[in-house]
Amino acid sequence: MEMIVAIAIGVLTGSGIWLILRPRTFQVIIGLSLLSYAVNLFIFSTGRLRIGMPPVLEVAAKGDPSLYVDPLPQALVLTAIVIGFATTALFLVVLLAARGFTGTDHVDGREPET
Amino acid sequence: MSWTDHLLLMPVLLPLFSAVAMLLLGGEKRRPQKAALNLIATVALLFIAVALLRQADADPDGARVSVYLLANWPAPFGIVFVLDRLSALMVLLSAVLGLAALLYALARWHRAGSHFHTLFQLQLMGLNGAFLTGDLFNLFVFFEVLLAASYGLLLHGSGPDRVRTGLHYIAVNLAASLLFLLGVSLMYAVTGTLNMADLAVRAPALGKEDRMLLEAGAALLGIAFLVKAGMWPLGFWLPPAYAAASPPVAALFSIMSKVGVYALIRVWLLLFSEPTGGDSALFGSNWLLWGGVLTIFYGSMGVLASQDMARLAGYSVLVSTGTILAILGTGHTSVTGSALFYLVNSTLALGAFYLLLELVERGRTAGADMLAVTLEAFGDDAFTEKEVGVAIPAVMAVLGIAFVCCGLLLAGLPPLSGFVAKFAMVTTLFEPEGLAAAPNATPTTAWVLLAAIVGSGLMVLVAMTRAGIRTFWAPIQRTVPRVQVIEIAPVIGLLGLCAVLTVYAGPVMRYMQATATALHAPHDYVRQVLAEPQVKERRP
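Order-wise, the sequence lines are chains A and B.
Mapping the first sequence onto numbering that gives the first Met the number 0, position 43 (from 1) lands on 42, and the numbers just tick up by one.
Mapping the second sequence onto numbering that gives the first Met the number 0, position 366 (from 1) lands on 365, and the numbers just tick up by one.
Calculated directly from the structure, the hints in this document are not laboratory data.
Quick caveat, the model's predicted, so the values are computed rather than measured.
Some hints here could point you the wrong way.
Taking CB as the label site, the calculated pair distances span [claimed, not checked]:
(1) A:Ile50 <-> B:Thr441: 13 to 23 Å
(2) A:Leu40 <-> B:Thr426: 23 to 33 Å
(3) A:Gly13 <-> B:Leu457: 42 to 52 Å
(4) A:Leu91 <-> B:Gly77: 29 to 39 Å
(5) B:Trp289 <-> A:Gly9: 25 to 35 Å
(6) B:Ala43 <-> A:Leu91: 48 to 58 Å
(7) B:Pro73 <-> A:Gln73: 13 to 23 Å
(8) B:Trp72 <-> A:Ala5: 29 to 39 Å
(9) A:Val10 <-> B:Gly77: 34 to 44 Å
Residues of chain A placed beyond 12 Å of chain B at every Cβ, according to the derived structure [claimed, not checked]:
(10) Met2
(11) Ile3
(12) Ile42
(13) Gly46
(14) Arg49
(15) Met52
(16) Val58
(17) Ala59
(18) Lys61
(19) Asp63
Think of the CB as a built atom: it goes at the ideal place given N, C-alpha and C, for glycine as much as any other residue.
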């Protein structure tokens with residue numbers, strides 16, 4: 000399972016980096032989204048990847064840490080998702096404003112001379 | 000717990016509540032009320048910041064740290080707010096700049112967009128939170144708060160220029176935030192804690208393999224901070240973005256790049272200072288040193304090459320950041336103290352310069368262009384209102400003197416505090432015992448730094464002189480701009496503060512040295528944060 004998650008993070012990061020280096024604003028925003036997915040998965044994986052383990056202590060259960068996964072990264076991931084979503088939405092608005100002002104979707108606001 | 004203990008939380012709560020109140024007040028019609036509320040909140044913040052500074056410095060020789068346990072969770076488990084000399088200084092600095100920028104904006108700029116006052120308060124909240132928090136992930140959250148507000152403020156006034164540079168600014172900062180998250184989670188994965196003090200305890204005890212991961216995490220975090228600070232080659236976004244921002248916003252932003260520097264000082268010296276660093280003591284100091292020198296070089300070239308004053312100011316920001324980073328990279332206590340003095344001086348001077356340059360350029364076409372763009376975007380009602388407020392006499396003389404003062408401060412010439420700061424840096428760099436004790440300063444690096452500091456001062460002086468001649472002496476026909484008292488007062492106030500810094504250089508330097516000593520020996524900080532007792536439940 001570690002392998003699958005690691006490959007997924009790698010693919011997302013690679014695609015994300017390629018996309019944010021592209022000249023169109025839409026590609027940049029998709030690239031940033033992919034990168035933030037990769038980062039979220041990465042944060043999630045720091046709390047150990049285990050299946051069927053609760054992150055919250057159960058009533059009257061043994062307090063053995065090996066029976067649980069770390070809840071903190073899951074909380075961090077939630078925060079990161081919310082913040083990432085909000086800032087991406089804001090970026091989208093600026094992107095539309097830039098399109099409206101310059102009439103092009105190039106990140107520099109003008110088409111490169113050919 | 001007396002009420003003064005809660006004062007530590009006020010720099011965050013006060014802007015938050017005033018911003019909420021402004022949102023509830025509603026639209027454009029209530030602008031006067033919002034402006035009044037903003038002014039009251041910012042002035043109150045200034046008083047709170049002064050009180051906090053006195054609290055942090057109550058014991059002149061010791062390193063007393065005030066700790067606030069949020070929701071009364073004990074230190075490594077809950078989020079803590081920590082007030083030490085450095086955070087108190089930064090909170091005060093942002094309050095001062097905030098008040099100056101706000102007064103300036105009240106003359107006309109706050110009418111150029113709808114939510115200026117709300118965003119302004121949220122920006123202050125993010126800044127203060129970032130300065131006060133003692134938790135790494137909470138630092139991320141406050142960074143996002145201040146960045147989100149800064150995106151809005153940068154776009155204040157709209158226009159193609161601001162939107163285009165805003166687009167770049169947001170993209171760069173979003174990418175940097177992702178690096179921040181990666182760094183934080185790597186550090187958490189290795190140490191199992193996010194509390195900065197607890198991190199400083201656990202980091203030296205790590206094994207060799209975990210240490211590598213910790214250093215990787217710290218390096219990612221460092222890149223995120225350095226993007227904010229604008230170190231070469233991560234700072235290309237900075238000059239155009241700051242030049243496009245409206246003047247009060249740009250003045251407030253002059254502390255934004257210092258937030259990156261602050262976070263770097265805080266985290267780096269907690270984890271990797273000599274006493275606590277263990278095997279990785281002063282990790283990355285060479286990167287800071289040489290990166291800083293390259294930034295100074297790049298900034299100086301930019302200052303010489305820039306044709307308009309807003310860009311000149313942007314590259315001066317880079318020069319000042321580079322100087323601080325390079326000096327920090329030598330890793331010595333007394334040098335860090337003088338770098339902090341320089342930080343305060345250059346932030347105030349740059350704030351004043353950003354406010355001043357629009358006044359100076361108002362008589363020229365360039366300034367008129369900027370206003371015309373805003374006028375176009377926001378319709379006539381924003382600016383055709385009759386000018387209110389009292390205009391000052393002898394405008395050109397006042398502007399000219401203020402411009403000369405800015406030039407002296409930025410170039411580091413006597414008699415103002417820029418000179419004191421640079422002199423202190425050079426002296427501490429060459430003190431024999433300082434040099435012998437500085438772990439990362441050989442005579443060669445000291446000479447390189449001296450050349451960089453003095454050389455960049457010369458470049459800034461040349462560029463400022465050229466800009467001044469072109470603006471004040473060369474034009475044969477120019478319209479004398481109408482400048483209101485409320486616009487020039489913040490500029491004079493900031494420059495006056497620099498003069499005060501010069502006169503009281505001794506006590507201020509004592510404060511900075513105490514700050515640096517505490518930063519380089521973080522045991523006291525760590526012990527006090529982790530030992531902070533919970534508040535007992537009050538039983539009836």
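A quick look at each hint next to the structure:
Our hint of 13 to 23 Å for Ile50 of chain A and Thr441 of chain B is violated, since their Cβ atoms are close to 55 Å apart. Our hint of 23 to 33 Å for Leu40 of chain A and Thr426 of chain B is violated, since their Cβ atoms are close to 51 Å apart. Evaluation of the 42 to 52 Å hint for Gly13 of chain A and Leu457 of chain B yields a pass: the beta carbon distance comes to about 46 Å. Look at Leu91 of chain A against Gly77 of chain B: about 35 Å separates their beta carbons, and that is inside 29 to 39 Å.
In this structure the supplied range 25 to 35 Å holds for Trp289 of chain B paired with Gly9 of chain A, their Cβ-Cβ distance being about 31 Å. Between Ala43 of chain B and Leu91 of chain A the CB atoms are about 36 Å apart, so this pair departs from the stated range of 48 to 58 Å. Checked against the hint of 13 to 23 Å, the pair Pro73 of chain B and Gln73 of chain A passes, with Cβ atoms roughly 22 Å apart. Remark: the range hint 29 to 39 Å for Trp72 of chain B to Ala5 of chain A is upheld by a beta-carbon distance near 34 Å.
In this structure the hint that Val10 of chain A and Gly77 of chain B lie 34 to 44 Å apart at CB holds, the actual value being about 37 Å. The Cβ of Met2 of chain A lies farther than 12 Å from every Cβ of chain B, with a closest approach of about 18 Å, so its non-interface assignment holds. Every Cβ of chain B is farther than 12 Å from the Cβ of Ile3 of chain A; the closest lies at roughly 18 Å, confirming the non-interface assignment. With 12 Å as the threshold on Cβ separation, the claim that Ile42 of chain A sits away from chain B is violated: the shortest Cβ distance comes to roughly 4 Å.
For Gly46 of chain A, the non-interface assignment is contradicted: its Cβ lies about 8 Å from the closest Cβ of chain B, within the 12 Å cut-off. With a cut of 12 Å on Cβ distances, Arg49 of chain A stays outside the contact zone with chain B, its closest approach being about 15 Å. In this structure Met52 of chain A is separated from chain B by more than 12 Å, as the shortest Cβ-Cβ distance comes to about 17 Å. Taking the minimum C-beta to C-beta distance to chain B, about 21 Å, the non-interface status of Val58 of chain A holds against the 12 Å cut.
Once the 12 Å rule is applied to beta carbons, Ala59 of chain A is consistent with being away from chain B; the minimum gap is 23 Å. Against the 12 Å criterion, Lys61 of chain A stays outside the reach of chain B, whose nearest CB is about 20 Å from its own CB. Taking the minimum C-beta to C-beta distance to chain B, about 17 Å, the non-interface status of Asp63 of chain A holds against the 12 Å cut.
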